[in-house]
Amino acid sequence: MSTPVTTVHDAVVGDGTSTRGRSAQRWRRARWPLALLALVVGAGILSALPEPRTSTLTLAPDNPGDLGARAAAQILAREGVDVRYVRRVADVRTLAGPGSTVLVVGDYLLTDEQVDVLDATGADLVLADAGWALGVLSPSLASSGVAPAEAEVRAAACDDPDAVAAGTITAGGGLLATGPGAVVCFPAPGTGTDQGGAYAVTESDGRRIVGLADMAPLTNQHLAEQGNAALVLRALGRHERLVWYIPSLDDTGGGGEQEPSSGQLLPPVVPVLALQLLLVLVVTALWRGRRLGRLVTEQLPVVVRAGETTRGRGRLYRRGRSYGHAAAALRAGTAARSAARLGLPGSAGAPLVIDAIARAAGRRPTDVEALLYGPPPTDDRGLTQLARDLDHLESEVHRT
Amino acid sequence: MALTWRAVVLAALGLPVVLVVPATGTVMLWTLLVVLVCVVDVALAASPRQVAIRREVPSSVRLTEPATSTLTLTNLGARRLRALVRDAWPPSTGAQSDRHRVDVRPRDGARVRTVLEPTRRGDAHADRVTLRTLGPLGVAGRQASIDTPGRLRVLPEFASRRHLPSRLARLRELDGRASVQVRGPGTEFDSLREYVIGDDVRAIDWRATARRSDVVVRTWRPERDRRVLIVLDSGRTSAVRVLDAPRIDASIEAALLLAALATKAGDRVELLVFDRRVRGRVASATGAGVMASFADTLALVEPELVETDWPGVVAQVRQRLSQRALVVLLTALDPAAVEQGLLGVVGQLTERHQVVLASVSDPEVDALRTARTGAAAVFDAAAAERVGLERAAVAVRLRQRGAEVVDALPDHLAPRLADTYISLKAAGRL
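For the record, the sequence lines run as chains E and S. Each step along the first sequence adds one to the number in UniProt numbering, with nothing skipped, and position 154 is 154. Each step along the second sequence adds one to the number in UniProt numbering, with nothing skipped, and position 144 is 144.
Bear in mind the hints are in silico, worked out from the structure with no lab data behind them. Remember, it's a predicted structure, so these values are computed and weren't measured experimentally. Note that CB positions come from ideal geometry on N, CA and C, so glycine has one too. Heads up, none of these hints are tricks.
Okay, the calculated bits of chain E under chain S, using three or more residues with CB under 8 Å as the criterion: (1) 11–23; (2) 269–278; (3) 288–296; (4) 323–337; (5) 374–388.
All chains should be built: construct the whole structure from the sequences, respecting the hints.
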């Protein structure tokens with residue numbers, strides 16, 4: 001073959017694009033994805049903006065539902081009270097002090113230590129539906145132990161100014177005075193205050209402790225009924241600051257010390273270091289992510305093997321359990337090869353072939369006939385055995 | 001725009017700084033520094049579009065032989081060109097290392113070589129040349145991929161040429177040196193020479209003997225200037241994979257060996273690649289140029305997934321051959337395909353020409369036939385046996401219609417076909 005000739009192609013300079021053209025092309029390619037991204041981000045910001053946060057927690061100051069207390073909180077805030085909504089006793093300790101009011105809603109999540117913290121703040125306390133805590137904080141008050149009944153209209157029946165101002169309220173439940181200096185108001189209709197009332201107040205060491213046996217007067221649903229609003233607003237609005245404390249399940253830290261979070265356990269350099277590592281990561285990604293030119297593709301030739309059709313045929317035989325076909329093929333193959341080896345013409349008949357093979361292999365003609373022209377096998381074992389026997393026979397056939 | 005590992009190191013150098021001054025501002029400042037350094041480096045990098053790229057490729061190379069693609073880069077810009085160059089070729093060209101570093105001063109040039117070791121026959125078209133130029137700091141750079149035309153024609157391997165010397169020797173034996181050759185139809189008178197013991201006495205030329213004192217015999221030589229038409233079937237049966245290559249590759253090897261042999265024997269060889277239309281042809285020729293044009297044409301032959309139009313083949317043969325010739329059909333002895341296509345029209349060919357059908361058989365079928373490991377294998381063996389019987393039957397029917405049939409394994413097809421050619425020539429049947 002002649003020596004190959006080298007082809008020299010013309011020199012190429014650049015890819016025919018200009019900086020302006022490339023940036024225009026990039027902009028054309030990127031504008032729709034960018035527009036989509038802007039749309040998504042914009043929609044997210046818009047949906048996050050207008051609605052103030054609300055909750056569905058009972059008596060939460062941001063709950064606008066029937067059982068919420070947003071009405072009372074908003075009225076207080078409008079009247080100049082600084083309402084602080086907290087869920088952790090540690091926050092109560094920081095925010096509350098003498099000259100402020102702490103509203104405690106429910107006491108079944110409170111621990112002894114947390115009650116001690118409330119006691120230690122020195123702030124005025126309003127305990128709603130918190131009979132046990134009331135008993136711990138004030139020795140002269142206790143819960144009657146009766147679960148709050150259906151809210152009913154009750155009259156003040158005492159001389160506490162707040163109660164008198166309210167007149168009547170809708171409430172249930174009962175608080176008992178167990179010591180001196182405690183005033184109990186709003187007994188159940190037809191009973192006296194010595195049998196318990198929905199509202200109790202006591203003063204000790206210059207602090208005022210108010211107990212409300214029932215949450216009903218505070219709720220949005222009932223605030224406007226009877227004198228509920230007057231009672232609630234007077235009880236909660238005594239000071240400039242109101243700490244609205246609803247105990248939470250995950251605030252187990254009772255004592256004075258605040259539990260440090262995992263972030264606070266790490267040295268302060270770690271988050272900054274992580275930020276720098278992120279920068280390194282981004283630069284590495286940009287370095288590795290840029291491919292040196294595109295991938296080159298090419299068409300591949302067919303990969304179907306020539307033997308596939310034969311295998312497929314074998315599988316069809318097997319699925320059809322056609323032992324007859326398979327055995328006939330094996331026998332015909334053996335007979336054809338043996339006959340060719342013995343020099344018989346392709347047109348030789350069965351008796352001639354049997355006779356020749358029997359003589360060459362030194363077997364009885366009946367055996368050879370049974371092997372080559374016998375009944376077909378009926379199972380896998382029979383077929384395998386037949387194949388082995390045919391192999392044996394073929395190996396014995398030699399030209400004499 | 002592309003970064004290098006140095007940019008990563010620069011970013012990582014900020015880690016100790018952050019340890020000393022642990023503030024978010026430090027990270028911000030360092031990020032700004034990294035971006036600034038990258039931007040400056042990119043701005044100072046040479047433009048990859050101000051480089052003249054010239055590619056030199058050998059026009060053709062034989063399969064398994066190495067070729068070299070040479071890129072000549074000329075820096076047309078005013079800045080020093082420090083770049084990473086990738087000379088991209090398709091995977092089957094076997095480019096081992098197609099990335100090169102160059103450092104070219106303005107108005108200067110550099111040359112990079114990529115060694116290609118092709119693994120597949122056919123035309124390989126070069127892809128783009130990618131240039132990544134780096135700035136003076138080597139932190140970042142610019143990148144462009146530039147269309148640079150280039151084509152490498154990978155010719156068939158012609159591994160069967162190792163059989164050529166032995167077949168040529170046999171051809172020379174035929175060539176009238178010995179008059180033991182049977183005088184058959186079509187042999188040509190060559191010369192007279194002295195009788196040696198062993199020569200056929202019937203070859204003694206009594207008239208010439210009478211004129212001289214020695215006994216003189218006539219010698220004969222095989223006919224020359226016969227025509228050989230090789231028809232390569234590129235239909236669907238040629239696409240099937242036998243061993244590790246498509247069936248057509250073994251057929252191409254056989255065609256090349258036969259062409260080489262027939263050319264040396266003084267015959268005129270033609271090639272026709274056909275499925276439903278002509279895919280390639282080499283006109284009747286003799287001499288040195290034949291093999292080159294054969295290899296060139298066969299390099300581009302790809303199997304098509306269509307059924308071969310055998311009446312079309314017959315029409316083509318009729319159109320091209322006016323006198324008696326040897327027609328070699330390189331196809332597959334696939335019983336179903338042959339029965340429906342070739343068998344009906346082969347008679348029209350054999351009545352005017354000597355026809356040889358050469359087919360690649362599959363060693364896998366033989367392996368299947370002798371497998372006895374379990375019932376599934378025996379069923380496969382039965383199927384293989386049946387396929388073998390059908391092939392044999394269809395071969396018999398082709399022979400009855402006057403065609404020679406050569407059915408051989410891929411490696412054996414070329415020498416077997418050459419042997420058939422020699423024996424036909426010896427028998428004077430061309």
